[in-house]
Each structure stands twice: as structure tokens, then as C-alpha cells.
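Novice: Hey, can you work out the whole structure from these sequences and the hints?
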Amino acid sequence: MEKQCGLRNGPEPAEFRQRLKIVLILIGLLLSMLLVRLWYLQVIKGDELKQRSENNAVRFRIIQPLRGLIMDRNGAVVVDNRPSFDVLYMPTKGINHELLLQRLKDIYKTKTLEISSDRPFPKTIKPYLPVRLEKNVSMEKVALVETNVLDLPGVYIEVTPVRLYLDGEMIAPITGYTGEVSQRELEEPEGDYLSGDITGKYGIEKVLDPHIRGSRGNELVEVNAFGKVIKNLGRIDPVSGSNIVLTIDAQLQKAAWEALAGLAGAAVAMDPRDGSILAMVSSPSFDPNLFNSGIARDEWEKLQKNPLKPLSNKAISGQYPPGSIYKLIVAAAALEEGSVNPDTKIFCNGSFELGNRSYRCWKKHGHGSVNLHRALVESCDVYFYTVGKMLGVDKIAKYAKMFGLGDLTGIELDHERKGLVPTRDWKLARMKEPWQLGETISISIGQGFNLATPLQLVQAYSSLASGGTRWRPLLVQRIELSNGSITKEYLPEKTGELKLSQQTMAVLNRALWGVVNEPGGTGAAARRPYADVCGKTGTSQVIGLPQNDKARRQKKIAAFHKDHALFVCYAPMKNPEIAIAVVAENAGGGGAVAAPIARKILNAYFDAKRKEKTDQVAVIIPPADQTGD
Amino acid sequence: MIFLKYDRRIFQNFDWMLFALVMSICAIGIINIYSTGFSLIDNRSPLYLKQLQWIMLGLSLMLVTFLIDYRAINQAAYIIYAISIASLVFVALFGHTANGAQRWISFGFLLFQPSELMKVTIIIALARYFDDHKSNEPYLLRELFVPFLMVIVPGVLILKQPDLGTALVTIIVSASIVLFIGMNWKSILIAVASVLAMLPLAWLFLKDYQKDRLLTFLSPESDPLGTGYHIIQSMIAIGSGGFLGKGFLKGSQTQLKFLPEQQTDFVFSVFAEEWGFVGGLVLMLMFISLIIWGLKIAWHSKDLLGTILAFGITALIAWQVVINMGMVLGMIPVVGIPLPFLSYGGSAIVTLLGAIGLLMNVSVRRFILQR
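Heads up: the protein sequence lines correspond to chains A and B, in order.
The first sequence maps to residues 1 to 629 in my numbering.
The second sequence maps to residues 1 to 371 in my numbering.
Take these hints with a grain of salt, some might be off.
Pulled from the structure, derived: some chain B residues nowhere near chain A, Cβ distances all over 10 Å [stated by the list, open to error]:
(1) 11
(2) 20
(3) 171
(4) 236
Within a straight-line C-alpha distance of at most 30 Å, the following computed DSS-like cross-link-like pairs (lysine-lysine) qualify [what the hints assert, rightly or not]:
(5) B:302 / A:21
(6) B:186 / B:134
(7) B:211 / A:231
(8) A:50 / B:250
(9) A:609 / A:488
(10) A:389 / A:309
(11) A:562 / A:309
(12) A:363 / A:309
(13) A:418 / A:206
(14) A:305 / A:562
(15) A:398 / A:432
(16) A:401 / A:432
(17) A:45 / B:250
(18) A:363 / A:345
(19) A:231 / B:250
(20) B:134 / B:296
(21) A:401 / A:499
(22) A:600 / A:254
(23) A:21 / B:296
(24) B:186 / A:21
(25) A:364 / A:389
(26) A:363 / A:389
(27) B:50 / B:250
(28) A:21 / B:211
Okay, the calculated bits of chain A under chain B, using three or more residues with CB under 8 Å as the criterion [unchecked claim]:
(29) 33 to 39
(30) 43 to 53
(31) 313 to 324
Hints listed in this document are in silico derivations from the structure and should not be mistaken for laboratory results.
For each residue, glycine too, the CB sits at the ideal point set by N, CA and C.
Specialist: This is the structure in C-alpha cells:
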């Protein structure tokens, strides 16, 4: 029958049957080996392995890495790490959890201590998954838990690193803060976070988190029924995060913070030669150490509801009408566009008439006949109303943008705002209304729709000081490993150029020097004995900005009707090496309030430099009027 | 031709035994995956429901591979083979990457793993080849050059993904088929010798983690954090099950997620922890019955083609069971091989059920082929 069914030209079926028998025996052998092994594991070694599984003898533990340090440009540590002691509890079968917690409380009571967070046990306690009872406890509690460990089975102390912000609120808006990873961050596909990880939430801590974070280590330990480690089976050490070296000078930062004390606002100091930020303060501020082990709800609400907005970095996210600071830009536009020449005189009688409206100069009885130089020195509004009208809004906007306004500076921080440089098109698109000439008049003195951040203002004046180069603000100098080898270096980056003639720049330069150093100049309060400061005052009105939500809220409170005080300057006049912008909210006039703050910062800078007695060799800018007259 | 003609005998002689065995093992798989309690983070259905959907899809494929006469399928063997190779090449070029391996083609809502398909396709292609080149004498090495190429091309493509386990199974199953067909003794010796000579060279091509796994196997306690952790945890889970097991949903090692990959490659440790030695024995007996039944089908097949197909499919299942369990029980190094019908994984279960359809196809047509 087999032959009949026919494998005509192939091997005989009988041969296959022989082979199939061999295959069957082989497979039988292999599977019996598996069965024997199963018997060995489950029956012979079963009790032993069951023991191991019940004690969960082998426990896998994650070791959090140390976050990288944050240092200032001189290597002074601004943000460090310190150990935090947490009380953990590893639930064990057959132990009443509530009773145990009560016993812990009783032990605390003997030293009149209380448990800090009295939240109930999670509903579903999984054996062998530890519950964090308390975070960041005092050494006294650590000692109590350690000495009573036999009465507290499963309770143990875990040491984890937490952030220590040495300069606290002084530099908090830059460094930011850290906190436990959120549910949303956990679900980010590229996040690589585990529940319980610490991550940067704000500022440099957040922006550079991938560098600062480091990588987790882990270890496998054998523990006894009390959760005590009895044997270390293996360990992969965590790798510390990279250190961040800021361009900030901590001493200058401190001086700026103290100079701004008691006021709300911001001050930024920048090196016009490469865009390095030397100091950046925002006041009032917050203590980032509060966020370490989760901020208490009431503390958080207090910060959130404070009308002075301590949580926002006003240097980059505060948007202010630039006021007379803007006149530099209008002056540059007027000279370049040929609306006026340096000698053109305009008569100021104290007000400017347009249709049936009258726009006042800040000086009631007028400045008389002024040229551009005097108009800037004395901050004559009528002069700028007149040239502003000649230029029109779009030409002014062109120059404002050339100075970097209305655009992000690209600083290495989150929450930077763009400010606003209005144009005809913008208004039509935004408000569906055509531009009014009266609005051009307001724009000419930096009021109206104009908005700029303190960082943008310092960047704009820096680009004049540097002879026309606009640098991207540098906040981070480099990122280095803990052994000092550099992984990333931030180089100065040119983001724009002032296309102004040498002559225009020289005129503006001299006028800014006059603001501070000439009789009648509005910035006299920033004058130093060396007569080396160039600057411009600004006083911007906060009322009358109905589209600005913040201003509307402030309107309700009488004290907030006061003007913002602004001052932007650079020094020394020849080869400037520091530029400063100061904005003090609702503090009064720029010359009276902001200029003295800037002078304090300048003094701190030059005093420190003199003390160092190092030679500054860098000469970047050729003398401005070499070819001029 | 006769391929799709309705024939009462197909249903009269339906292989209920084989079907029932496979379905029972699948059912155990579903229950077991349910116990791993694993559900994806988002709101998609829990894993056991997805596995159920995959089984449904596999059953439809099984119906197709069962109804079309296997000799007709054989006509298309090289086309199927070419498609499988093409999809492997596609994966190499544009494939979806997960866990550091590029193994999948993404169809948006589902991921398809061509290497799983290849494991079955290679059997069909080799059956076609040897059916076309029948010989009364054992094959010589030079006569096996074409089959060698047919195996080594997909093998390298899969190895590159990298997926050492699947590549190994593809090659081992193919080798089993060739040995079963009959090879000249001298040729066998030469082949074995040259493979042994190639081994040091192969070591150079292994990825670091694959080397680690092999080294770890030699002493698992040396690296308790890496691969050793899998093996130790797996053995603790299995061992702690004891004779009778901890009971359904009661496996502490499983429920606490101490076991890595517990719903895929290490699924047997979940089963052994909860159902103990008794459960493991029952499952093993079911697999043994399935294998014996498959060999029986090869035995009774009326033509060489059917014999090779039945043997190849049975060998595929047997090898995967042996390698997977050996790995989970800590007897051989960890290579990523799923346990047939029990591990979670869409592509694997669909192609396996398709292969079972083919096996039933061979089984039932011996009653028809007598004409």
C-alpha cells in the first residue's frame, strides 16, 4: 500500500518512519530534561526559593545620581547638593501598618516631635513596595528611628540628594528649581523618567535638565525580613550630572540684588563685547529651596497670588512700555532716514498739537529750541513727537527691530517674552482697525502699544555700545563633567547688526554720554567721578493701557498708579564693557529711582575690577569718531 | 484544478484532536496573560483582550491555510518566500524601532514582525525545494547550496535587526529539515566542522548585549543586575510556585512586576509560579501531545511535500518550546524566543495559527490523496 501511494522519485517512506522514531526519542529526551529541571526548581528547591520570594530577599533599588553643580563665571558654586533623610516603610506581611505608624508617632513623642506629613497609608499597600512616610527629616528623627529600628520592623532611613540653593532668591529666577517628576513628564516618550525622579522645573534647572540630571545607578541587595540589607549582590554606580558654568558674576549679582532691594522690577547687566550676562535679578523673588521636597500648598498659593509675581523672571518675561528709553531708536531712525540732521532745531513750548488733541512734554514750560543732542539729553518729548510724526510708525518699527526689539533674544531660559513693536499691519490684523496718527505720537516716546523686556533693552543699548553688533545673550559659558573636562562650550553668537552710519552712532553715543554727564541731563544720578557712563532714562506710564491686562488690574490699586522707572546705560564710554538695564515697577521717575540703582551696580563692577588689578587687553571697538570730523 | 473544490471528506476527517489541543493551549495563554495584569498605559484594551483579537485573526488565517490544498500553496511557495524576504528588507530600511531593535513594520494601529512570518515561510520554501529536487540518495553538500542560500539570507537579515533568537530558530529548524530529508554522513561532518570553525568569527558579529547574555549564562550571579536579574527572578518565581502553585492571580513575583518581559518571553515563569509543578506538567504534556501529533501527521502523509511541511512545522514548535523553556528555567542562555501560543505577541500567534492550519491541511488530505 505504501508503494502504491507512491513517492516516485524520492526516498522511501519507510526511511522517514525510521527517522521520525529517532526524532521522537530526541524530543522526548529534551522535554524530559525540561521536566526534570522543573521538578528540581519547584519541588526540590521549591521551599528555599519560596522563602526567597516571600522575603523578597532580592530587592532592586534605584540610586539617584547627583545633579550637576551650577557655578558662576569664577567657579563659585551657586547651586549644590545636600543629603536629605527620608523615613521609608517597607510593608511586611503580618504586620499591622496602622499600629506600626502609631508606634513611630509614640517614639517621636518621647522627644516631643511629631510626624510631619500625616497622610493616611495608600489604600493598596503592596508588600515590598516601600511607602515614603516622611521626607527631609531632622537628624534628631534620624537618630530616633535608627535606635528604635528593632521596634519598627520595615521602617528605615533613606538618604537621597536634594538641591541646595546657596544664593537662594538672589539668583532663583535664573537657576530655577527642581521637583519630583510629574505625571505628564512621565508619559513623555523621550523623557526617560521613572516615578520619583527629580527633575528641573524652571530656569536653568529645567532648560539644561538633560545635562544636569546625570544617569541613574542601581543596586541589587538581599534584605532580611526587617528590610535591612544583609548582602550586596551588585551595584552600578550612578553618574553625576554635568556642571553648568554660568556667565553670571555672583558678586555683581549680589550687588544688583541689593541695589534693587525693596522694589519690584528687574536689572540685567550684559557684556556688550560678547553678549555675556553678568547679572540678572528679578525682584521680588522666591526661595527655590522650598520646592525641594514638594512645596506646601499654602506656600505655593502665597507665591502664586502675590501681585508682584515673585515666580516670574521679570528680566525676560516682564514686558514694559520702554518710555523714553525708546527715544534712542527714534533718534537713530530720524538721523538715518534724513528727517533731521544733528543740527536741526525744533522748538518745544511744552506741548504738541495734533488735530484737536494736545500732547504734553514732561517739562511743563517746554525746553525751548533743541537739537537732537539736547533733545536726548533732556529727554524732550515734543522733539520726538515731531520727528516721530515725520517718520511714521513703520519706519520707527524697522529700526526698533534692528535693535532687536519685538523678537526673542534667544537666551537659554524658558518663558522668555517677545515684547511688541507695533506696525500698521500688526494693528490691522490684531484689532481690525486702521492705525491712527495719534498712536504714532505715543509710539515716538515709547508709550502706546510698545512693550519690551529689560533683557531686550540692555541688548539694544549693548549693540550700540559694541559699535553695531547685536549678540545673543549668553547665560551659560560652558557645560563640564565633574572632572572638569568640557562637554559643551557656548560661543558668542551674532544675531544682528545695526545698519547705522558711523556718524549717527557717534552722535547717539555722545548724546547718551550727555544724558548722564551734561548739565540738565536727566541721568545725572548715574554719574560717576570718572565721567565714563552713557545712558538714558525712561519713565513709562502704566495707566491708559486698557489692552494690557496687568495694567488694568493695577489700575484698581492707587499705589500702582505710579510710573515705571527705567534706566539703561553702558560704560566706560570708550570701549564699553558693561551695559545695564534697570526697570523698577511703579517706583517713580527713571532718573530719580532707576539711575542710582544702575550706578550702584556699575560701582560694584568697577570696584571689583580694580581690586583684581588684572589688565584688560581686549580692545574691540575702534574709536568711534576716528574718521568723522 | 481541485484546490478549492468542496469535498465532504475535508470535514468528515477534520483533525479535531489537533484543533482542540491548539485551542486549549491558546486558552491557557489568554488566562495567563490576564494574570500578568499587564495593561498598556493608555486606554487601549488590556493585553489579554488584544491577544484574543490576535487569536481571532490567526484563526481566520488558519481557515485559509487549511482550505486551500497544500499542494496549491506549494505552487506559490517561492512567491510567499519572496514577499517575506522583501518585508525583511523593508524592515531593515524603514522598520519601526523599539527597545533598540528594528524588527517591526508599522501599519499605524498595529506592528507586524516579518521575522515571525519568516520562520514559517522558510519551511514552505524548503519543502518546495526538496519536493522539486527529489533524490533517492542522501544529499551531498554541493546539492544543498541553494537551500543554504535560502536560509542564510533571511537568517542574516534577522540577525542584523538584531534578533539573535529568531535567527537561531530559523536556522535550527531549517537544519532539522535538511537532516530529516537525509544528508550524506560525510557532508554532515564537514558542515558541523565548518560551523564550529565559524563560531569565533560569529562572536565578532554579536552585539555587546548578546555577548553579555551568553557570558552571564555561564555565571548568572556575576551580573545580577543585568541579564542575570532576569534569570534569577525567573527561577525564584518558578521555584516559589512549588508543587501545587500559588494559585491564579496570586503569584507575588508576577504581581509585583519583579519579572521582566513577563508577558512575552518569560511568560512560562508566570504560569509556573501560579500553577506549580502540576500546571507545568500538564502544559508540558499538552506540548508533547501536540508534537507527537504533528509527527504522526508527517508519518501518515501520502507525499513527500506533506511529510516535510508537517515535520517542519512540528520542529518549529518543538524547538521554540525547548529553547524558551530552557531559557526560562535557566538551562540555556537568554535569547529572545517566545513560547508558542502562550507568549503575548501578535505576529507570532497569527503566523503560528496559520502554520497549524497547514498542518491540519496535510492531516486531512491524506484521506483525499489516495486517488
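Novice: Can we trust that residue 20 of chain B is non-interface, i.e. its beta-carbon lies farther than 10 Å from all of chain A?
Specialist: Answer for residue 20 of chain B: holds, closest chain A Cβ roughly 20 Å.
Novice: For the pair we were handed, residue 401 of chain A and residue 432 of chain A, check the Cα-Cα distance against 30 Å.
Specialist: Satisfied, since the Cα-Cα distance of roughly 23 Å is no more than 30 Å.
Novice: Would you check chain B against the stretch 33 to 39 of chain A, counting CB to CB pairs closer than 8 Å, and say if three or more residues qualify?
Specialist: As far as the stretch 33 to 39 of chain A goes, the hint holds, because 6 residues have Cβ atoms under 8 Å from chain B.
Novice: Next pair to validate is residue 134 of chain B with residue 296 of chain B; report whether the Cα-Cα distance is within 30 Å.
Specialist: Holds, because 22 Å separates the two Cα atoms, which is no more than 30 Å.
Novice: If you look at each residue in the stretch 43 to 53 of chain A, do at least three have a Cβ nearer than 8 Å to any Cβ of chain B?
Specialist: It holds: at least three residues are needed, and the stretch 43 to 53 of chain A offers 9 whose Cβ sits within less than 8 Å of chain B.
Novice: Compare the distance between the alpha carbons of residue 186 of chain B and residue 134 of chain B with 30 Å, and conclude whether the hinted pair is satisfied.
Specialist: At roughly 20 Å apart (the allowed maximum being 30 Å), residue 134 of chain B and residue 186 of chain B satisfy the hint.
Novice: Given the hinted pair residue 50 of chain A and residue 250 of chain B, is their Cα-Cα distance within 30 Å?
Specialist: holds (13 Å)
Novice: Would residue 171 of chain B pass as off the interface with chain A, using Cβ distances and a cut of 10 Å?
Specialist: holds (18 Å)
Novice: Holds or violated: residue 398 of chain A and residue 432 of chain A, Cα atoms, limit 30 Å.
Specialist: This hinted pair holds, its Cα atoms lying about 22 Å apart.
Novice: For a C-alpha distance cap of 30 Å, please report whether residue 305 of chain A and residue 562 of chain A respect it.
Specialist: holds (21 Å)
Novice: When you check the alpha-carbon spacing of residue 45 of chain A and residue 250 of chain B, does it fall within 30 Å?
Specialist: holds (20 Å)
Novice: Keeping to a limit of 30 Å between CA atoms, is the pair of residue 418 of chain A and residue 206 of chain A held or broken?
Specialist: holds (20 Å)
The structure is inconsistent with the numbered hints 4, 10, 12, 28, 31, although it conforms to all the rest.
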